[in-house]
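Residue numbers (our numbering), protein chains in the order written: chain A, 268 to 499; chain B, 268 to 499.
For the record, the hints were derived by calculation from the structure and aren't laboratory data. No false leads were mixed into what you were given.
To be clear about the criterion: a stretch of chain B counts as covered by chain A if any three or more of its residues have a C-beta under 8 Å from a C-beta of chain A, and this derived list gives those stretches: (1) 422-434; (2) 443-450; (3) 466-478.
Not everything, but these chain A residues come out facing chain B in the computed CB check (under 7 Å): (4) V401; (5) Q464; (6) P488.
Backbone N, C-alpha and C define an ideal beta-carbon position, used for all residues, glycine too.
Number of protein chains: 2
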Amino acid sequence: SYSRMPRSQEGLSAAGEWPVLRAMLPDLKGKRVLDLGCGYGWHCRYAAEQGAVRVTGVDLSAKMLEQARSYTGFTQIQYLRQSIEALAFPPDSFDVIISSLALHYIADYAGVCKRMFEILSAGGRMIFSAEHPVFTARAEQDWFCNAAGKRLHWPVDHYQEEGRRSTRFLGHEVVKYHRTMATWINTLLDAGFRIRQVAEPQPAPELLRHYPEMQDETRRPLFILIAADKPE
Amino acid sequence: SYSRMPRSQEGLSAAGEWPVLRAMLPDLKGKRVLDLGCGYGWHCRYAAEQGAVRVTGVDLSAKMLEQARSYTGFTQIQYLRQSIEALAFPPDSFDVIISSLALHYIADYAGVCKRMFEILSAGGRMIFSAEHPVFTARAEQDWFCNAAGKRLHWPVDHYQEEGRRSTRFLGHEVVKYHRTMATWINTLLDAGFRIRQVAEPQPAPELLRHYPEMQDETRRPLFILIAADKPE
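Chain A extracted, bound-state conformation (with noise of 0.2 Å):
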């Protein structure tokens, strides 16, 4: 399950896309920073590690929010069980969003936006990744194989039809919601912020002699990665 893979148990240095998130964030000291789908916590203690004043943690899992909770000595990290869609903080509550793979599980990607261009400080910064629409265009979010089960390349239809995708991840069904790339970028202008840096990354070369079944991807991007500012 989830909890098993790598990410989940070694935490931010078992990410490939880590390293490149890291990147996109500003300094985060003295900073009011939101998480969006915060699961284990893992961005939230790096952030309050970096001297953020406040951090909160929200996501819909109470599993994930418990062992989040478990880390004791942050006490700077609120968590929160609420819904990311449903997002009910006064304007200019915080100064950093962060959400690490959880838009991609979200159908209202518009109205997200729109509540966190106002909960946001103007000159605030909001950067997310999630999967990118090479991975997540065909339901079946698969590589094609041929008899002898060799990945011959990643399969790409129906990327025009945004919506719901129903797969199977771990053996669970779980429903995600496809975009184009185009709408990952607009719906963020629409809603009145600044691109400030777009990222496709892929495994640190270290990464990949650590975990080879990382190899293939360089083949197709899995992640897209955006940062964006609140005008001043």
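With the hints as your guide, set chain B onto chain A.
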């Protein structure tokens, strides 16, 4: 050959992405417009018709420029045989830069972005279309078909390997340059541009009725369009 494709013979109305590109253009009245890779001059004539005061079309193909010049009556249009990579205009020469399906033939995209930024006026806009990274990733740039010739899906591979792709188009060898979506966007940002809109157009319904072979264009993105401004 290219000159017999619908878009070459019937012009902009047969180019599926044209309505989207057009909607990304600012009002051209009174503007100085540069068209990079102007080909037969369709976009130059459109700009002139919209009231642009000066239109400069740049292309390497003497044949195409000859045909472009054969449309007389557009005294405000000037055609120059010049490489896009060797743009030689003084700063603040243009208010709008258009480039339709040319920049994926350019090796030095970063250099072109820098030069475009220099020769644009403050508040000016650059709008381009190019072949989409999902389309250019594999050198084959074709559908994956079963033994009966049915198009099963669009194959993606080598996505992270940017650079030269030698492919065949209408029986000729064509050299293109694959770059990731992140590179298409970040290189503009690095040059100083502000991203205004990204589009991955699909053919309009009336075009699908007229050109049924375009139906598969909804299955994978073919073009990427970006509008970006030089801040005031």
